[in-house]
Amino acid sequence: MELRGSHGFRRPRPWLSIAISVLLAAALALAACSNVSSTGGADQPAGPAPSNGAPGVTAKQIRFAAFGTRSNNPLGTCVLDCFVQGVNAYFAYRNSQGGIFGRTLTVSQVEDDALLKDQQAALRVTTTNSTFGAFSAAQLADGWSTITKAGMPLYVWPINPASMNGNDAVYGSAAPVCLGCTRRPYVLAAREAGGTRIATLGYGATDNSKLCASSAAASVRLYGAESGQQVVYTNDSLAFGLPNGIGPEVSAMKKAGTNMIVGCLDLNGMKALAQELQRQGMGSVPMLHLNTYDQDFVSRAGSLFDGDYVAVNFRPFEASAGSSQLGVYKDWMGRARAPLTELSMNGWISADLAYQGIKAAGASFTRASVIAATNKLTAFTGGGLVAPIDWSRQHEEPTQQDPATHGYANDCVSLVKVVKGRFEPVGPAAKPFFCWPGSTTAWSEPRSMDFS
Amino acid sequence: MATDSSSVGADFLRAVLQGAPPGAVYALVALGFVLTYQTSGVFNLAFGAQAYVSAAMYFKARLIWGWPTVWAVLLSVVVLAPLVGLALELLIFKHLRSASAVSKLVVAIGLAVALPNLFDIITSFKPASGVTPVGVVPGGADVFYSVFGLYRFSRNELVDMGVALVAVIGLGAVFRFSPIGLRMRAVVESARMTELNGIAASRVAAFSWALSSLFAGVAGVLIAPRFNTLGSSDFFSLMVVAIAAAAVGSLASLPLALAGGLGLGIVIAELNTFLPRWGTDSAWVRTVQDNLTPSVPFLVLFAVLALVPGIRRAQGAGDPLSGVEPPPTARAGRPDPRRAMAMRLLGAAVVAGGGAVVLTRGDQLWVYQVTQAVVIAIIFLSVTVITGTGGQISLCQGAFAAIGACTVYQLAVRYDMSVLVAMLLGGLVAAAVGAFLSLPVRRLGGIWTAIATLAFAYFFDAVMIKLSWVGGGAASLLRGTAVPRPRLGPWDLSHENTFLVFAAVVLAVVAAAVVALRSGTFGRSLIALRGSEVGAQSIGISAARTRLTAFAVSAFIAGLGGGLLAISQRDVNYGANFTPFAALFWTVLVVALGSRSVPGALIAAAAFALFEPLVLGGAVVGWLTRERHPLPSLFPIDGKWLFILFGLAAIQFARHPEGLVEYGLSGRSRPARPGQPAIGGNRS
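Chains as they are written, first to last, in this note's numbering: chain Z, 220 to 671; chain S, 1425 to 2108.
Everything labelled a hint here was simulated from the structure, so no lab data went into it. Don't take every hint at face value.
When the alpha-carbon atoms are kept at most 30 Å apart in a straight line, the in silico DSS-like pairs for lysine-lysine are as follows [claimed, not checked]:
1. Z:K650 - Z:K279
2. Z:K639 - S:K1484
3. Z:K549 - Z:K578
4. Z:K578 - Z:K279
5. S:K1550 - Z:K639
6. S:K2064 - S:K1550
7. Z:K549 - S:K1550
8. Z:K639 - Z:K473
9. Z:K639 - Z:K279
This one's a predicted model, so the numbers in the text were calculated from it and none came from an experiment.
Take these sequences, add in the hints, and give me the full structure.
This is the structure in structure tokens:
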């Protein structure tokens, strides 16, 4: 088939060639001026030079960058902006107390990676080099190593284990976990829900979802003798987004007598699953959600998720604050008129880690000394918001055979239950974490713990 | 009807019922393809975009503005959808009446890229998590009706199925029995002959576009409630599946398209019902289950392409009078050689000077971005070969590039092979896949090549990349798909500037090879084939063998570029680099700027990597005004404009298949002397 135009001779346009040449020349000339022009939006540090000479540190401020996914997020969830809300709220809280070492903390540069350009966003941060460290909440995090190669500490929303694993300068609100290992929280959630015949579901297109579904099934099987639970259906090859619906799978679960479902799906997928369960008369079968800690989303669904359980990786908003930082978080988020979200809590915890690292490094802190000091924090809890993380040994994933060397000392989870469209804490509100010893994978009764 | 609800028979019947609603959705879109193709001659890959525009408008009016359903439907379906169709006809397709089907397809691809982004920007529309679009009937998602006690259909689903059925009957009747149906088909066959019979072809065509766009609006509004988050990407993915259904009807039969859509939905439901059950005991069934279901639409499409003879004949379909109507005129002039030489020298000087400046004064960000432009240019040269020279539209260049990247990852990381050797082998593996892929499509040509390659791109995305021996599988989740930078003799390519020089050398070699290929026997055979397949075959050129070679060469270049891209980024980064839609945009860019010449590919790559930071990011304005933060309220401009501008630029492809660059760089023309060839073929 010929590729040719339908029109004939046209007068050429020399201006177009000139314009293209000028554009190309401008592109290359700009590169020449790029030491100045590629800055992402932050001014150079002002004021007297600090004694430690660290970039982004002035006599009055410690500046941070934040980058991640703001636009083009196909899930429609608030990622970067909500994460930064948490960071800003924490910094406002600390600054109200005088900051640290006489300096206030601030996010001075925010870069949108537009979903697919995380590396470029990270490079805008490093080439600007006007910030001390960086925060990142990215759906596809391929720019993290760029930050750490520049010597900057990086505090992240920890959903990209491949970019986190083995990198000693990347910190999250959680340490890297073994996605394929067995985990006791699945069994606990099923027990709380009264489930004995368990189904597990995951997407085939995304490895973490697939691994989660197989891990949940393996966990139920491993602890079956103690829990009395069994796997009656597992499917870790669902099409992402469920374009064909999930009718046959729900029929199969119904046929298998499923009375509890572990869903390793995104929140939209869980909604589609719940709708299909309702259609096939299984609306009362409880589900364990792993990605649905979003009160607005659950409220909008009415009673669809009532009776379900949601796993949370930090002290839930519904738990009592006790002496933890939960109350302070709520207070400062309220002052910022920002909603309480999973992302903002992750941002808050990450900001606390940045603060604690600087504090531990001392007044003459540098990037390297903060990284070194942070890696000596052996029981970071974000003020009782997460189970203790030992950053001296938890930069790598643990394994099924060796859960102790790089794993949590306490293998913990928090659960909330959906009641009339609202989350309610499961277990004692003052001790919202269910924990097992991290040194072993053997079953034992979980202890309710509080890390305030 | 009493049925043992646990028997195999009941399960089978239940799966039929469960497959019907998604099947009806596929059918609605497939009917849209057939309708548009039959009434306008355009294989409208922008149908999903049109459906999305109406769905998003309905969503906005109904849920954000709080309008009643009737008014929201009137606005989005009755008013907006036909207006979009009329605008497309009057502004674009009216002028392309005698263009080839492939040219129209390229225009439609450009629209598919541009329209959703344009709508999103104009209306400030963004996907909202968990805010599910509501259907057009009250309680559409909540009220169910049981069928045989086996399964319950929601009101929304019943409406979908009902509309699909009514559309087949109604549109079929219009085509077969009404004067306007006859006229619409006549205009597609030959607008000129239709006008000679006293029929205003323009009005008929405008009506055709309004009708098909209205149908896109209906489909969009009906389909939207299936998505818990409304976004344009879902509509495009859905469209790719529906193409298989439309292919069942050879883009001609509405009933077969309906059957194809329903059949796809039902087959997938049956597989999802029975494969997991059998897979419990047999590991190999598990493997089949993992990979078969997502690949069903593409297997069906390939089966249709390979087995249905009507498809192969369809490539010759079109205007039967094309042989007697004046063919598109080649530009009767040659560029002034002095001006052309001056432009080449100027271009070379700009590139060399700019390169030197980047290497000596560029910071890490600019070196990275220029490196990306250089590496992407290599991949874009693969489009130059297959589209610019071969006249074939391949929409799977991203998959070929990903094969090269994954090969580098597998060989270098898992088997400790030299990265550079792995890069070459990656090109060869991609070439082998390209050659294999060309076997079923090499005799098709035209739009079917584009459709088959798009299907392969989605097949690779849905199935292949998940395999551990391709994309790394579960291991890549925790370990990533990291690729090391090699050392080449005394040069350490882990240094960014050194790598940029290396990439530029590779680009120069590939560009020289492409120029040599074009001017050699192979290139001339391809150009002859592009000009006239019958004529080329009459002088002994084998169309099948030449196209197979073209696919292999093009895939090799894409694979080589993909491997180099992975080395450049130190990671395969499949999701960020090689997804089908991203690669679709590559094709749009290259054909818009110039698929027939090496400079076209180079400038397309520069646009891809540098347009956003330079123009949309405000760097150019900042540089001109010497302000570090130029007009902060204006910049950065939304990155979606990149897709809008170049998507719309692809519209001019049908008029100027040489692309904007060659068209612009050709300079002042002078008449061709007798015996000199017209412009349009062999350029470098």
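Evaluated hints:
For the hint linking Z:K650 to Z:K279, the alpha-carbon distance of about 39 Å lies beyond 30 Å, and the restraint is violated. For the hint linking Z:K639 to S:K1484, the alpha-carbon distance of about 28 Å falls within 30 Å, and the restraint holds. For the given pair, Z:K549 sits about 23 Å from Z:K578 by alpha-carbon distance, which is consistent with the 30 Å threshold. About 16 Å separates the Cα atoms of Z:K578 and Z:K279, which keeps this hinted pair within 30 Å; it holds.
Among the hinted pairs, S:K1550 with Z:K639 is consistent with the structure: their alpha-carbon atoms are about 29 Å apart, no more than 30 Å. A hinted pair counts as satisfied when its Cα atoms are at most 30 Å apart, and S:K2064 with S:K1550 qualifies at roughly 12 Å. Note on Z:K549 and S:K1550: the hinted pairing holds, with a Cα-Cα distance of about 28 Å set against a maximum of 30 Å. Restraint check for Z:K639 and Z:K473: satisfied, since their Cα atoms lie roughly 24 Å apart, inside the 30 Å limit.
Restraint check for Z:K639 and Z:K279: not satisfied, since their Cα atoms lie roughly 49 Å apart, outside the 30 Å limit.
Hints 1 and 9 from the earlier list are contradicted by this structure; the remaining hints agree with it.
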